[in-house]
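There are 2 protein chains.
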Amino acid sequence: MERLEHHASFGGWQSVYRHHSAVLNCAMNVGIYLPPQASNQRCPVLYWLSGLTCTEQNAITKAGLQQHAAKYGLIVVAPDTSPRGEGIVDSEDYDLGMGASFYLNATQPPWAAHYRMYDYVVQELPTWVENNFPATNARSIFGHSMGGHGALVIALRNPGRYRSVSAFAPVVAPSKVPWGQKAFQAYLGDDQLSWQPWDTCALIQSAPERLPLLVDYGDADQFLTTQLRPELLQAACEAANHPLTLRLQPGYDHSYYFISSLMGEHIDWHGAALLD
Amino acid sequence: MERLEHHASFGGWQSVYRHHSAVLNCAMNVGIYLPPQASNQRCPVLYWLSGLTCTEQNAITKAGLQQHAAKYGLIVVAPDTSPRGEGIVDSEDYDLGMGASFYLNATQPPWAAHYRMYDYVVQELPTWVENNFPATNARSIFGHSMGGHGALVIALRNPGRYRSVSAFAPVVAPSKVPWGQKAFQAYLGDDQLSWQPWDTCALIQSAPERLPLLVDYGDADQFLTTQLRPELLQAACEAANHPLTLRLQPGYDHSYYFISSLMGEHIDWHGAALLD
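Protein chains in written order, with the numbering used here: chain U, 4 to 279; chain R, 4 to 279.
Any given hint might turn out to be false.
Heads up, the list lumps identical chains together, so a pair's fine if it works in one copy or across two of them.
As a list, the in silico EDC-like pairs of lysine to aspartate or glutamate whose alpha-carbon atoms are at most 20 Å apart [said to hold, decoys possible]:
1) Lys74 to Glu8
2) Lys74 to Asp271
3) Lys74 to Asp279
4) Lys74 to Asp98
5) Lys74 to Glu268
6) Lys179 to Glu89
7) Lys65 to Glu8
8) Lys65 to Asp96
9) Lys65 to Glu241
10) Lys185 to Glu212
11) Lys179 to Asp122
12) Lys179 to Asp98
Don't read these hints as lab results, they were simulated from the structure.
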C-alpha cells in the first residue's frame with residue numbers, strides 16, 4: 004500500500020491510500036480519516052459510500068465529516084466508487100461503469116471481471132482497514148445517492164455486521180427507476196429476479212435484522228421523484244414494520260451542501276451506536 | 004447580475020452570482036452565503052479572499068464556513084481571485100495572472116487594464132453586496148495565503164472600514180519572497196518603493212489603526228520558510244507594538260484541511276467583532 008496524501012485535520016489525520024484489491028483486480032484509492040483518539044487507542048469505523056461520478060475525494064474534501072468524526076473518535080473510510088484505471092471496462096455514460104458500480108457483484112460480461120464492489124466493501128476493505136489501522140471491529144455504514152443505496156443494501160444483507168446505517172438521498176428501489184434499471188440490466192442481466200438482492204425495498208420485506216434506518220432527502224432534490232422515490236421506502240418499511248426515520252429537509256438539493264449540512268446529525272446517529 | 008448556483012446550506016443559502024465589474028472591466032463570479040438570519044434581518048458581512056490558483060469555488064465547497072456563519076448570522080462573500088475570461092491577459096505560470104492577482108492595483112502594462120482587485124474588493128464589491136443583499140455596512144475580512152496577504156493589506160490600509168481581520172497562512176512580506184517579488188515586479192514595476200503599500204510588514208510600521216491581527220500557520224506548511232515567513236510579521240508587530248495573535252498549529256499544512264479545521268475559531272473572532 005502507498006500513502007498518496009496526508010493532512011492534519013481537526014486534530015487527526017486525513018489520508019488517501021492506494022492498495023491492491025484482489026477482489027476487484029485493480030488498485031483502489033481509499034480515504035482514511037484517523038481521529039485524534041486513534042493516536043492512543045483503537046477506534047470504531049464508519050464506512051462512507053459516495054454517489055455517481057464520485058471518487059474518494061468528494062467526501063473527504065466536501066462533506067465536512069472530519070469535525071464530527073473527531074468528536075466521537077471514529078475512523079471514517081471513504082473508498083473510490085468503482086474499480087478504476089487502465090484495463091477496467093467503462094462506458095461513456097456517467098451512470099454506468101467507472102464511478103457507477105452500484106456496489107453490487109456483477110455477473111454479466113464484460114463487467115463481472117472487475118465490478119465486485121459489494122464483496123470489496125463488505126469483506127476485503129474492512130479486513131484491510133482492521134489489519135492496517137488502529138481500528139476495532141465495530142462498524143457502521145452510510146452513503147449518498149448510489150452510495151446510500153449501497154449502504155442500505157449492505158447493512159440489510161449482513162445482519163450483525165454493522166451497528167448502524169444511514170443514507171443521504173439514497174436510491175431505494177433501483178429495480179423501479181431509470182438509473183437502477185440501466186445498471187442492473189448491464190451488470191446482472193435481464194432476469195429481474197436476480198435484481199432483488201440488490202434492491203433495498205425488496206430486501207426490507209424479509210430482512211433478518213430490523214436495524215433502524217435514518218434517511219434524509221432534500222425536498223428540492225432534482226432526482227427525488229424520478230430516481231430516489233422515498234415513498235417506496237416508506238411503504239416497504241411500513242409493510243414490514245421496519246424501523247425508519249425518514250425526513251424531508253426543506254430547501255435542500257442533491258449536492259454536498261445538503262450532505263455537509265446534515266453530516267453532524269448522521270454522525271451523532273452512528274457515534275451513539277458505535278460507542279454504545 | 005445572474006445567479007449561477009443556489010443551494011440550501013446549514014439553514015441558509017450558498018449561491019454563486021456573476022456580475023459585471025466596472026473596475027475590473029469583466030464579469031466576476033462571487034460566492035455569497037446568506038445565513039438563516041438573513042431571511043428576516045440585515046446581517047454583517049465577512050469577506051473571504053482565496054489563494055493562488057483558486058476561484059470562488061474553493062472556499063464555498065471546502066472551507067466549512069457556512070456552519071459557523073450560520074451560527075453568528077454572518078453573510079460570507081467569497082469573490083474569484085482575479086479578473087478572468089476572454090480578453091483578460093494571463094501568464095502560463097500559476098503564480099502570475101489569472102488566479103494570482105495579489106489583490107493589488109496593477110500599474111504596469113499589460114496588467115493595469117484589468118488587474119485592480121484592490122479597488123474591486125475594497126469598494127465595488129461591498130457596494131454591490133450592500134445594494135443587492137440584506138447586508139449591513141459592518142464588515143470584516145479574512146483569507147488564505149495570497150488571500151491572507153490581501154486581507155491584511157486591505158484592513159491595514161482602510162482604518163475604520165473593517166471590524167476585524169484574520170488570515171490563514173498569509174504571505175506577509177511579499178517584497179521579500181519569491182511569489183511576491185515576481186508578482187510585484189510584473190504588476191508594479193521595478194521601483195521597490197512602489198511595492199511598500201502592498202506589503203503587510205511594511206504597512207504595520209505606520210498603521211493608523213492598531214486593529215488586532217489573528218494569524219494561523221501550520222508548522223508542516225511547505226511554504227512556511229520560503230514564501231510565508233511568519234517571523235517577519237512577528238518582528239514587525241513587535242517593533243510597532245501592533246496587537247498580534249500569531250499561532251503555529253502543529254501538524255497542519257497549507258491545504259483546505261488546515262483552513263476548515265481552524266475556520267470555527269476564525270469565525271468566532273469575526274463574529275465577536277461584528278456582533279459587538
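Hint by hint, here is what the structure shows:
1. Lys74 to Glu8: Neither, since 22 Å and 32 Å both go past 20 Å.
2. Lys74 to Asp271: Both ways: Lys74 and Asp271 sit 9 Å apart in one copy and 19 Å across, limit 20 Å.
3. Lys74 to Asp279: within (15 Å within a copy, 30 Å between copies)
4. Lys74 to Asp98: neither (35 Å within a copy, 38 Å between copies)
5. Lys74 to Glu268: Both, since 12 Å and 16 Å are each at most 20 Å.
6. Lys179 to Glu89: neither (32 Å within a copy, 46 Å between copies)
7. Lys65 to Glu8: Intra 16 Å, inter 16 Å, cutoff 20 Å: intra and inter.
8. Lys65 to Asp96: For Lys65 and Asp96, the Cα distance exceeds 20 Å both inside one copy (24 Å) and across copies (27 Å).
9. Lys65 to Glu241: Neither, since 34 Å and 38 Å both go past 20 Å.
10. Lys185 to Glu212: Classified as neither; 29 Å inside a copy, 64 Å across copies.
11. Lys179 to Asp122: neither (24 Å within a copy, 56 Å between copies)
12. Lys179 to Asp98: Within one copy only: 16 Å inside, 51 Å across.
Consistency note: the structure conflicts with the earlier hints numbered 1, 4, 6, 8, 9, 10, 11.
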